[in-house]
Amino acid sequence: MVVDGNPTTVFGHERDDVECTDATLWARSRQGDADAFGLLFERHGRAIYNYCFRRIGNWSAAEDLVSIVFLEAWRRRAIQLPPDKVLPWLYGVATNVLRNRRRSEYRFAAAIRRVPRPCPTPDFADDADARLDDERRIAGVLALVSQLPKREQEVLALCGWSGLSYEEAAFALAIPVGTVRSRLSRARHRLGELSPESGHEQSGVQPSREAMEP
Amino acid sequence: MNTAHSLPPLRDFPPGRLADRSQHLLTEIERQRHLPSTHCRSVRVLIAAVAATAIVVAPALALSRSMREFVGLTSNASSPPIARAWVKATLTRPIDLNARPGTKIRIAWTFDHRVGGGGIFVRLVSASGAPAEIATAHGTPGHYAAVVRVPEGGIGSIQIGIEGTSSGANGTHPAPVLFPITNDPLR
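Chains as they are written, first to last, in this note's numbering: chain A, 1 to 214; chain B, 1001 to 1187.
Calculated directly from the structure, the hints in this document are not laboratory data.
Every value quoted in this text rests on a predicted model; they were computed, and no experiment measured them.
Please note that the accuracy of each hint is not assured.
To be verified - Some chain B residues near chain A, calculated using beta-carbon distances under 10 Å:
| no. | residue |
| --- | --- |
| 1 | F1013 |
| 2 | R1017 |
| 3 | A1019 |
Stated by the list, open to error - Negatives, chain B to chain A, calculated, CB over 10 Å:
| no. | residue |
| --- | --- |
| 4 | L1018 |
| 5 | V1045 |
| 6 | A1048 |
| 7 | V1050 |
| 8 | R1093 |
| 9 | P1101 |
| 10 | I1105 |
| 11 | A1130 |
| 12 | A1132 |
| 13 | E1133 |
| 14 | H1143 |
| 15 | G1154 |
| 16 | S1157 |
Using N, Cα and C, we set each Cβ at its ideal position, and we do this for glycine too.
All chains should be modelled from the sequences, with the hints used to inform the complete structure.
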């Protein structure tokens, strides 16, 4: 729902998310501007969507989790963020949502029930097939990665899979940069041990190059 | 490296879902914005408890019907509640109030705020107490229309609302809410 009822005059001029930086949008969000927050969703929803999918292996559930992540972010909008840390912070919120998934889903269960049912799209068959294949592939990766401690999984997913820098991952997880480095190093080492080539195979799956080398 | 276990590629939302989710997010934000605070809810629960007690005790005290109506708890108990007042509907085309029962009429309206999430409907209540007729609205956020059959007994009132649910101790059940109509021809 639009605050002023006029979506074309959100900022007093034509809506243009190209010129609005994350910092600007976040500042407006903090003032209660839902449309600015909506632009942040449209800008970063895809990244969080893929991050959630890679952590849980289910596209449909990832879609709901994206909604939960942004509802949670809106709930915590009072927080002041450094200008270039909006996306890393969203990754951090997503990580917490994933970590406390049951509690988050309970908190926003009513909101998720109000998500409109998707309309059937006739040309979606090929994409659906590819997504099913994605889920099979990520299941293999997750089977391997799940053997790592949770904290190492998080660092690996943020740095290795989502492309965050050490500093950004540290911000997202609220831990020192050095801790990110050490956890990622240990994760790589353990994955190396778990790979079949090392002779220590435990899971029957091989780590991906991306998972090993951010 | 075995590609069977490599990471799947990054993907977009399924077609149309980003817009749907974005609209849903904005709707939920607006919903939260107008939710009463915990303190207000406590006060309302207290008032509701007092009112419920009053309506139970009133017959015993032989209060008149008018008194109970004054309390506001007797009539329209089965009607959906009026939606929060910040969203109002305005009819954008005249309605033939004398249309014969069974005929279909088109009703169009706008909202003064963007309303999304689906489940928007128009309901024609019978003037004679016969079952109401309801139709789901179509359109873009802000502009809606629906074709609805005139109920038996003619048009008694027009209702525009959105489907919803309410969760409580007895589980989740449908709880539609109605939007006030600024230019309701029957008021």
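Cross-check of the supplied hints:
no.: 1; hint: F1013; result: holds, 6 Å
no.: 2; hint: R1017; result: holds, 6 Å
no.: 3; hint: A1019; result: holds, 8 Å
no.: 4; hint: L1018; result: violated, 6 Å
no.: 5; hint: V1045; result: holds, 18 Å
no.: 6; hint: A1048; result: holds, 20 Å
no.: 7; hint: V1050; result: holds, 27 Å
no.: 8; hint: R1093; result: holds, 20 Å
no.: 9; hint: P1101; result: holds, 32 Å
no.: 10; hint: I1105; result: holds, 26 Å
no.: 11; hint: A1130; result: holds, 31 Å
no.: 12; hint: A1132; result: holds, 24 Å
no.: 13; hint: E1133; result: holds, 23 Å
no.: 14; hint: H1143; result: holds, 12 Å
no.: 15; hint: G1154; result: holds, 33 Å
no.: 16; hint: S1157; result: holds, 25 Å
When the structure is compared with the earlier hints, a violation turns up for hint 4 alone.
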